[in-house]
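2 protein chains.
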Amino acid sequence: MAEVKLFGRWNSPYSHRVEMALKLKGVEYEYIEEDLRNKSPLLLKYNPIHKKVPVLLHNSKPIAESSVIIEYIDETWEGPSILPQDPYERAMARFWVKFIDEKCTVAMWKACSSPGEEGEKAKEEAAQLLKFVEEEIKGKKFFGGDNIGLVDFAANFIGYWFGILQEIEGLELLTKEKYPNLCEWIDGYINDSFIKDNLPDKDKMTQVFKAYAQAGYKPKI
Amino acid sequence: MAEVKLFGRWNSPYSHRVEMALKLKGVEYEYIEEDLRNKSPLLLKYNPIHKKVPVLLHNSKPIAESSVIIEYIDETWEGPSILPQDPYERAMARFWVKFIDEKCTVAMWKACSSPGEEGEKAKEEAAQLLKFVEEEIKGKKFFGGDNIGLVDFAANFIGYWFGILQEIEGLELLTKEKYPNLCEWIDGYINDSFIKDNLPDKDKMTQVFKAYAQAGYKPKI
Chain F
1 MAEVKLFGRW
11 NSPYSHRVEM
21 ALKLKGVEYE
31 YIEEDLRNKS
41 PLLLKYNPIH
51 KKVPVLLHNS
61 KPIAESSVII
71 EYIDETWEGP
81 SILPQDPYER
91 AMARFWVKFI
101 DEKCTVAMWK
111 ACSSPGEEGE
121 KAKEEAAQLL
131 KFVEEEIKGK
141 KFFGGDNIGL
151 VDFAANFIGY
161 WFGILQEIEG
171 LELLTKEKYP
181 NLCEWIDGYI
191 NDSFIKDNLP
201 DKDKMTQVFK
211 AYAQAGYKPK
221 I
Chain S
1 MAEVKLFGRW
11 NSPYSHRVEM
21 ALKLKGVEYE
31 YIEEDLRNKS
41 PLLLKYNPIH
51 KKVPVLLHNS
61 KPIAESSVII
71 EYIDETWEGP
81 SILPQDPYER
91 AMARFWVKFI
101 DEKCTVAMWK
111 ACSSPGEEGE
121 KAKEEAAQLL
131 KFVEEEIKGK
141 KFFGGDNIGL
151 VDFAANFIGY
161 WFGILQEIEG
171 LELLTKEKYP
181 NLCEWIDGYI
191 NDSFIKDNLP
201 DKDKMTQVFK
211 AYAQAGYKPK
221 I
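Just so you know, the protein sequences line up as chains F and S, in that order. Under UniProt numbering, the first residue of the first sequence is numbered 1, with each subsequent residue one higher. Under UniProt numbering, the first residue of the second sequence is numbered 1, with each subsequent residue one higher.
The reader is advised that the hints may include incorrect statements.
All copies of an identical chain are treated as equivalent in the list; a pair is satisfied when it fits inside any one copy or across any two copies.
[Unchecked claim] Below are the BS3-like pairs computed for lysine-lysine, each with C-alpha atoms no more than 25 Å apart in a straight line:
1. Lys178 - Lys23
2. Lys123 - Lys51
3. Lys61 - Lys141
4. Lys110 - Lys204
5. Lys51 - Lys138
6. Lys45 - Lys138
7. Lys123 - Lys138
8. Lys45 - Lys131
9. Lys5 - Lys110
10. Lys51 - Lys196
11. Lys110 - Lys51
12. Lys121 - Lys51
Derived by calculation from the structure, the hints in this document are not laboratory data.
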């Protein structure tokens, strides 16, 4: 059995951030694609609580939750640091991951996928929350400074996924006019050679998310 | 100015867990009590995004989010370790903190504070979620083994706050019959001399939470 396995889904931003962390460290791994509408017995065995991707299996021991997995990867393998070295900067990075995961991404996803009043409320909320991110990224290339790190990975939904969803839904929530610094980061992030080569195909993503929307299927991202 | 300041609230489990972490490390700090219905300009300055307690100020630099603060404390000061040393065990500890914070505590709080169908649904959900915690603590004194650590602190709502709320509301959700292992942990946790001496007074808590309930005030814990 391979030492490292990753149970993921090609269009999940959470799977994707873990893949980026593994690749950044140069860890060899076996990738197992999951069908989220027909989850494998192994995924359910390794993540019995959340039953979600991603799950990392290292030496037969499973870890769930992408932010937890990324810290584990950073602590386990040599290579470029994913978290900053300084304790205060580490705390700030963890703060932003929580904020992006628990607040921004939730509101942005709802803004795209919820109809009526709930959707409108989510759009307003997302617009407010993104202002904090806009302020945080001001004057910086990446969230941690000059190199890609934890917060950039965590913000991949903002950086790539949301642009596609926004286009499908005809939203103008995250635009250069409203969020110039954040859009500059997005541009730098998705065009960074390391990231660019590994992003899921835009056309395929558009096709799939359009099909979801038409079928009224709202996958929990 | 004191090197370390903590902006907290005496009856907040999130403030309390940070206080426990500081005390475990033997860090001297100045405690500033906040009135959550009339927040101080300093709290709003130091936590402009969430506007919540706890906020730790170290050398004039603020940190918000209790789980982030506790990792910072563990990385910054000498003394007993709050997180395990082994990367896999650290990952497991972080997983459980997320699960307790994002799932269990949310459902348990709703079970106590939401009326009608929402409350009933939350009770069922909480009962299910607690089964995972019951299984996790089985055969162990504390979540990390023999010593109090990160997950015990994070579970303080389950360990102390919920018992008081459950009594006020007349619920029988978390009982020795249904969750014998978890109740054994609760017993060990709240009677541990270090914890016991620092828990907020039960009568005062009961009085305040009863008053909240009567006034229809549902503070976000």
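Hint by hint, here is what the structure shows:
no., hint, verdict
1, Lys178 - Lys23, "neither (33 Å within a copy, 45 Å between copies)"
2, Lys123 - Lys51, "between (29 Å within a copy, 21 Å between copies)"
3, Lys61 - Lys141, "between (36 Å within a copy, 23 Å between copies)"
4, Lys110 - Lys204, "within (22 Å within a copy, 40 Å between copies)"
5, Lys51 - Lys138, "between (37 Å within a copy, 22 Å between copies)"
6, Lys45 - Lys138, "between (43 Å within a copy, 19 Å between copies)"
7, Lys123 - Lys138, "within (22 Å within a copy, 44 Å between copies)"
8, Lys45 - Lys131, "between (40 Å within a copy, 16 Å between copies)"
9, Lys5 - Lys110, "neither (31 Å within a copy, 37 Å between copies)"
10, Lys51 - Lys196, "neither (29 Å within a copy, 37 Å between copies)"
11, Lys110 - Lys51, "both (21 Å within a copy, 23 Å between copies)"
12, Lys121 - Lys51, "between (29 Å within a copy, 20 Å between copies)"
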